[in-house]
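A.B. asks: What follows is each chain in one-letter form.
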Amino acid sequence: MAYGKREVLTGVDLRISAGETVALLGPNGAGKTTTIEIMQGFRRRSAGDVTVLGTDPEKGDETWRGRLGTVLQSWRDHPRWEVGTLLSQIAAHYPSPWDSDELLAALGLTAQAKVKIGMLSGGQRRRLDVALGIVGRPELLFLDEPTTGFDPEARREFHELIRGLDTTILLTTHDLAEAERLADRIAVLIDGRIAVYGTPEELARAVQAPSVVSWQDGSTETHDPSQLAWELHQKYGGPVPALEIRRPTLEESYLSLIERSVA
Amino acid sequence: MSGIMRLGPRRGIAEFGTMVRDRKELYNSILGSAGIYALLAVWLRDRKVAGTDVDLSTYMMAGMMALVVFQIGLMNLPMMIAADREEGALLRLRTVPGGIGSFLIGRAVSITLAATLQIALILAIGLAVGGASLPASPGHWLTLAWVLPLGMLAVVPLGAALGALLPNPRTAGAVLGLPVMGLLIISGAMFPVTAMPEAVRWVAQAFPLYWQGHGIRAALLSDSTLAAEIGGTWRLAESAGILALWLVAGMVLAPRLLRRATRGAAGTRSPVGS
Chain A
1 MAYGKREVLT GVDLRISAGE TVALLGPNGA GKTTTIEIMQ GFRRRSAGDV
51 TVLGTDPEKG DETWRGRLGT VLQSWRDHPR WEVGTLLSQI AAHYPSPWDS
101 DELLAALGLT AQAKVKIGML SGGQRRRLDV ALGIVGRPEL LFLDEPTTGF
151 DPEARREFHE LIRGLDTTIL LTTHDLAEAE RLADRIAVLI DGRIAVYGTP
201 EELARAVQAP SVVSWQDGST ETHDPSQLAW ELHQKYGGPV PALEIRRPTL
251 EESYLSLIER SVA
Chain B
1001 MSGIMRLGPR RGIAEFGTMV RDRKELYNSI LGSAGIYALL AVWLRDRKVA
1051 GTDVDLSTYM MAGMMALVVF QIGLMNLPMM IAADREEGAL LRLRTVPGGI
1101 GSFLIGRAVS ITLAATLQIA LILAIGLAVG GASLPASPGH WLTLAWVLPL
1151 GMLAVVPLGA ALGALLPNPR TAGAVLGLPV MGLLIISGAM FPVTAMPEAV
1201 RWVAQAFPLY WQGHGIRAAL LSDSTLAAEI GGTWRLAESA GILALWLVAG
1251 MVLAPRLLRR ATRGAAGTRS PVGS
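Heads up: the protein sequence lines correspond to chains A and B, in order. With the numbering used here applied, the first sequence covers 1 to 263. With the numbering used here applied, the second sequence covers 1001 to 1274.
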């Protein structure tokens, strides 16, 4: 995928199985939204093969589109519509949608059914966005940076909501903790390439940054702290004074991966 | 396709409902035009159109009706579409099967309902206090029946394209407000265009507002107003021709403008957010 001469996506090789939740994790500008737009058929790719629910998105018809769901980045649309009216209006476009009253109840919005959308709180608005995204019972749900601008409370609520959904999900985020919490597998997208793709554990192993080992007379970085500790014990012939081994958190590993890739 | 033909009108009716229930929208755009006309009609009571025995308030009723159609098409519609785009309604509907089709039909239905309501109110006020009467014959009714929708069709495609081109409703209002005001003054909506200098008359006759008003006057006013019309005669063929010309021009131009506006446009990303 290229914008003019600038190649944006150069190596995105991604396979998502039914029922999985996959996070596309990467810093801003890595190509996350572009990847989703290509999968939705809103952007033409300059090269490569894409198949979404068995169809090339560029040839996808409205029936195909009806099997997808999208929760957009934060919007302010339809401010004058009532919650229930908009939800049932959108629902009517799908062949077998959820009952909008049931869906509102499931998302805790029953009391807001007759409220104008512009009057909702941020968290209620977000739950409505999710309702609008899943009302058509999508087989594949796209969440594009769903928690940007959330406070921690709203973020936790949103995560619980998403984990309760029974569908295949592709979400983009630049928040590692969010990816870890929601996704079965994480694809790290850096500079238009998927650097790593796997479960959070596999990711941790693959991107493991060196541990820091420090003791009274020195400090060093190593990928095998256990080996070094053993050597130090032999050198000192007993306990090593002020020995400290610090393994990097997954977040530190991820950040160092980004630094390495960008450099 | 049949789905959209059912969903579009349903969306339009719901949308019209949101307009009527929104107090600001109701006063500003829907009742506003009728209110202004009511004030003018009472204020100008007993004033005659120069050179005729027709009440100015009756003459203005036709002008206000034309203005409603013109303003909805070239001012309200572009502002609504610019707002829909800015707020993200269009991007949301793009992710929904048949969403854009039902959006377009919905908008057409909702502005038609809004125009119909305003025109009916203005007519009612004209009958009550403006000294107006209903069309005199089936022929006059027929004229009204084609000139109103044709006048609407003449401005809607262009208005939709303008809405897609202008970045947000504020800019749309600022850019379109002045020309609409100018045309309102020179197009014979409020007082006969025959009072204008020759050159201004020619400008007025290039725009649909003049011809829309002329057609409505032909349907609603008696021939005694003819002294105040250019050439002293009803020119309905010209009305139909020039409105149709605007319709065709709009249909040709609008898709090009829309394509230009959407070329390389963003997908799910918010223009205001990250």
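Do not take every clue at face value.
[What the hints assert, rightly or not] From the structure, some residues in chain B lie toward chain A, with a derived Cβ separation under 7 Å: (1) Gly1008; (2) Val1020; (3) Asp1022; (4) Asp1046; (5) Gly1088; (6) Ala1089; (7) Arg1092; (8) Val1096; (9) Pro1097; (10) Gly1098; (11) Ser1222; (12) Ser1224.
It is worth saying that the hints were derived from the structure and are not from the lab. Source: prediction; values computed, not measured. For glycine and all other residues, C-beta sits at the position ideal for the given N, C-alpha and C.
A.B. asks: Give a verdict on every hint.
C.D. replies: Results for each hint:
Checking Gly1008 (chain B) against chain A: minimum C-beta separation of about 11 Å lies over 7 Å; hint violated. The restraint placing Val1020 (chain B) at the interface with chain A is violated, with a minimum CB-CB distance near 10 Å, outside the 7 Å limit. With its C-beta approaching chain A no nearer than about 5 Å, Asp1022 (chain B) sits inside the 7 Å limit, and its interface hint holds. The beta carbon of Asp1046 (chain B) comes no nearer than 42 Å to any beta carbon in chain A, farther than 7 Å, and the hint placing it at the interface is violated.
The criterion of a C-beta within 7 Å of any C-beta in chain A is met by Gly1088 (chain B), whose closest approach is roughly 4 Å, and the hint holds. Here the hint on Ala1089 (chain B) is kept, as its CB sits about 4 Å from the closest CB of chain A, short of 7 Å. Annotation: Arg1092 (chain B) was flagged as interfacial toward chain A, and the flag holds, the nearest CB pair being 5 Å apart, inside 7 Å. Annotation: Val1096 (chain B) was flagged as interfacial toward chain A, and the flag holds, the nearest CB pair being 5 Å apart, inside 7 Å.
The interface hint given for Pro1097 (chain B) is met, as the beta carbon of that residue sits about 4 Å from the closest beta carbon of chain A, less than 7 Å. Contact between Gly1098 (chain B) and chain A, as hinted, is supported at the beta carbon level, the nearest pair being about 5 Å apart and thus within 7 Å. A cut of 7 Å between beta carbons decides the hint on Ser1222 (chain B): the least distance to chain A is about 42 Å, and the hint is violated. At about 45 Å, the closest approach between the beta carbon of Ser1224 (chain B) and any beta carbon in chain A exceeds 7 Å, and the interface hint on this residue is violated.
When the structure is compared with the earlier hints, violations turn up for hints 1, 2, 4, 11 and 12 and for no others.
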